[in-house]
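Assemble the whole structure, with the sequences as input and the hints as a guide.
If you read the sequences in order, they're chains A and B. Per the numbering used here, the first sequence starts with residue 1014, numbered consecutively. Per the numbering used here, the second sequence starts with residue 13, numbered consecutively.
Any given hint might turn out to be false.
[To be verified] So the derived label-pair ranges between C-beta atoms look like this: (1) Pro1217(A) <-> Ala14(B): 54 to 62 Å; (2) Ala274(B) <-> Ala1537(A): 29 to 37 Å; (3) Ala265(B) <-> Ala1567(A): 54 to 62 Å; (4) Pro270(B) <-> Arg1569(A): 50 to 58 Å; (5) Val185(B) <-> Gly1196(A): 54 to 62 Å; (6) Pro1016(A) <-> Trp78(B): 46 to 54 Å; (7) Val185(B) <-> Ile1645(A): 58 to 66 Å.
Just so you know, these hints were derived from the structure itself, not from any lab. Beta carbons: idealized from backbone N, C-alpha and C, even for Gly.
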Amino acid sequence: MGPSPVVLVLFCVALLLATALLSVAGGRRPGFHQTTYGLSLSATGLALLIAVQQLAFGTASALTLPLGLPWIGAHFRIDHLAAFFLVIVNLGGAAASLYGLGYGRHEPAPHRVLPFFAAFLAGMNLVVLADDAFSFLLSWEFMSLTSWALVVSHHRDPANLRAGFVYLVMASLGTLALLLGFGLLAGPGGAFAFSSIRQAAHDPAIAALVLGLVLIGAGSKAGLVPLHVWLPLAHPAAPSHVSALMSGVMTKVAVYGFIRVAFDLVGAPSWWAGMLVLVLGGVTAVLGVLYALMQHDLKRLLAYHTVENIGIIFIGLGLSMAFEANGMGWAAALALTAALFHVFNHSLFKSLLFFGAGAVLTATGERDMERLGGLIHRMPMTGFAFLVGCVAISALPPLNGFVSEWLTFQAILQSPQLPQWGLKIIVPAVGALLALSAALAAACFVKAYGVTFLGRPRTDKAAGAVEVDRFSLAAMFVFAGLCLAAGLFPGVVIDALSPVNLDLLGAHMPAQSGLPWLSLVPIAEGRSSYNGALVFVFVAVSAGLAVWAIHRFASRAVRRAPAWDCGFPDPDPATQYTAGSFAQPIRRVYGTLVFRARETVDMPPPGATRPAKFAVSIRDLVWDYLYAPIAIGVGFASDRLNHLQFLTIRRYLSLVFLALVGLLLVLAIWP
Amino acid sequence: MAVILDLFVQAAQMAVVLLLAPLLTGIVRKTKARLLRRRGPSIFQPYRDLLRLLRKDVVLAESASWLFRAAPYVIFATTWVAAALVPTFATGLIFSWTADLIALIALLASARFALTLAGMDVGTSFGGIGSSREVMIASLAEPAMLLVVFTLALVAGSTQLSTIAAYLASTGVGLRVSLGMALIALIMVAIAENGRVPVDNPATHLELTMVHEAMVLEYSGRHLAMIEFAASLKLLLYVSLIGCLFLPWGLAAAEAGPAAYATAFAVYLGKLVLGAVLLSFFETAIAKMRVFRVPQFLGAALMLGFLATLLLFVSRSL
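The following block contains the structure:
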């Protein structure tokens, strides 16, 4: 009988923290990144093994350490939900460390990245491990601050500083909301341990308030619209493997926070809470992908696309809450499985895509797609892995992204049985939004891949790119392989998720392993089924058959010639479609409404020699109507309050006196 | 024995869609030509065109990558698999459970993903224009199609195509508002997805109006044959789909005898000819619309699909 799993994972966390300290000491030394990333890789790898074992076979394992507040101590616990998210965190962490082994070589200021990288990994692990509100909030804040330090690691770029500032403000807002939420949950007695919060009966009004606060707290970290504004600024600003961690993993830790509170701590959800989450999820999904389509910075496009995927995850969570509130446990389990499956999938392909963007950045020094192109010739391996990520994230069979969206659609189709009219109207609308976002996602990644990797190189840098190192490639190919495996054999993932569902909802999806042909049957055979492996085999066999027959019996000759281009080929690569022109039809159709997109054409009169001009303006309405007024209000208020700094001592004393009287009055009147 | 028969029916289905697809295209072209008072080529001309293309060399642009060469086969294979999963003359296909209607649409989306990427690969302006318009059209057509699927799934209680077809063929369904809306939406989507007039013109070579043709401009030889074949298969798929969902009569049940299969096959041929003739009449009677009118056309399909779904959420009997 060895040490319990929670002790082992805490040991890994300690190892990560020690790595962070070590990197503070040695971070400036050349080649030190290998030590840091090597140690992080082993620590997260070990934690990953324990978490997988714990998810598959384990029972809850807990530990209390005499740290933190003296009368509480620090509680840590791994149940199935925590084990699942530990898998996500440490899988992403291990791959990012592997990637860093190669990518870290190009880092100009490693001492600004290495210590925080290991500490960031430790922080995310601690959030998931925490079993009382105090350690949870402390770890949450630790995670936010270390990631903030990584965002501003290239601090000479003013855009990064601004990103860091916005991130810091939004993170503080989120933590404040969580702090208030946990305060309400703990009650006046200060029962901060999750076990006592879970047992206490919560007043419905308090529960509603807590849910709203957690939506702000966890939602702002995850990137729910309208709290998403920091995300597309901050995620791309960090080094690429950290972007992968922030987008692929940290947003999932936020989802964990939401699930922990909404499904575990507050007790049974109410249907309107499910509806609220559903609406937020649907709006987030469509807006996220539309924002992404308007971008031409590769990393920012990926960051905006994270917003879309968070929306899809929250659609699943909202459906699950709505079903659970109406006692439809099996449907709630289906929706929650869909959401958690998408959590897993998104952590895979978003990390993969950010690794790919990092490889492009290393090879060319460019993030702007308008200055790239043709990279598939120069970087064939990266090009292939990135393509797998694009297909997976566009929810196309037979890869994994399709399976989780398919499960979400199946859950939506169970919802006419819900009794509430609000849900009856909202759910089909959210279904339509989900379908719209899926189609737009494919458009978005045709654009990202087509402009970056296909076509002809638009600059000399793109033309002179070279393939990246083998560590980076290994990290990308591991995740590409996992995307394929999870798409072909989704039953394994679904069965692994069933103890999580059983813990949270008391129900789970029917077991998928042991079904004939390994197909996927979420409810019953006659209702719906999907078999990724067989679809893949059919497509591969048909394609193989076509290739064989044609090359054997018809023709196999190939001649190379200049492009035809309808008879007017132009050797200048500037004549290709750009990211902006590719998105133009979609910008016209959707952007006119959503972004107030306006096109102005300045056409000189006949005979004039000045060039014609074309300009596009896009407004971010969330920023214009929500954040800009708040910023103006804060500025106005601080201007007014500024007077308070220059009062005489007499006035200060009278202010103190008045405040005291006021408080005493409140106490006297308070019932 | 039953398994062997099932496998035989599935294999026959795969062969049937492959063999009939060019014929359907040929019938459409011939009828259109007759309606325009032209003689028109023989209905077997598409077969000859495909064979001719298959025998020719491929002329590959210098900037084309491996993706450009792989895409035609991917497009062909995914479309073929999708078409083979739609019941043409018999329900109860042995592999119909591998992909339900949602997965079928996603398979077609995979084909489109490959085609739009191939359009971007050579790096010409026409390829880009085609791809960018195609994804704009798809961004509306695909959700509309999914909402049609929602409607059907809510009526039949299943997303399995065989189950839906069998349920709709049973007498208990009757006329429903939601199914009527779904039919109109499905027809609009089918027109857009297959690049027919008024959304796109399969016969055009006027650059500024092209969508599908612009994407495949750089293709030649066997690659072009694969893409043309896939386009024919897709048209056949949509005609079969509308036929088996909204004219479900005459489908042979699972494990019916050879005589039943023969009758069902004849009925299926009749449905195909009917579909082709109706399509030709429609295309001849209407003018192509501007590209930026297409969103309004497809937006109407989307709204119809949404209304149909909403009606079923409100009441199961509408």
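Each hint tested on the structure:
1. Take Pro1217(A) and Ala14(B): their Cβ atoms lie about 57 Å apart, and the range 54 to 62 Å holds.
2. In this structure the supplied range 29 to 37 Å holds for Ala274(B) paired with Ala1537(A), their Cβ-Cβ distance being about 33 Å.
3. Remark: the range hint 54 to 62 Å for Ala265(B) to Ala1567(A) is contradicted by a beta-carbon distance near 39 Å.
4. Restraint check, Pro270(B) to Arg1569(A): a C-beta distance of roughly 40 Å breaks the suggested window 50 to 58 Å.
5. Our hint of 54 to 62 Å for Val185(B) and Gly1196(A) holds, since their Cβ atoms are close to 56 Å apart.
6. Between Pro1016(A) and Trp78(B) the beta carbons are some 51 Å apart, a value that agrees with the proposed interval 46 to 54 Å.
7. The given range of 58 to 66 Å is respected by Val185(B) and Ile1645(A), whose C-beta atoms sit roughly 59 Å from each other.
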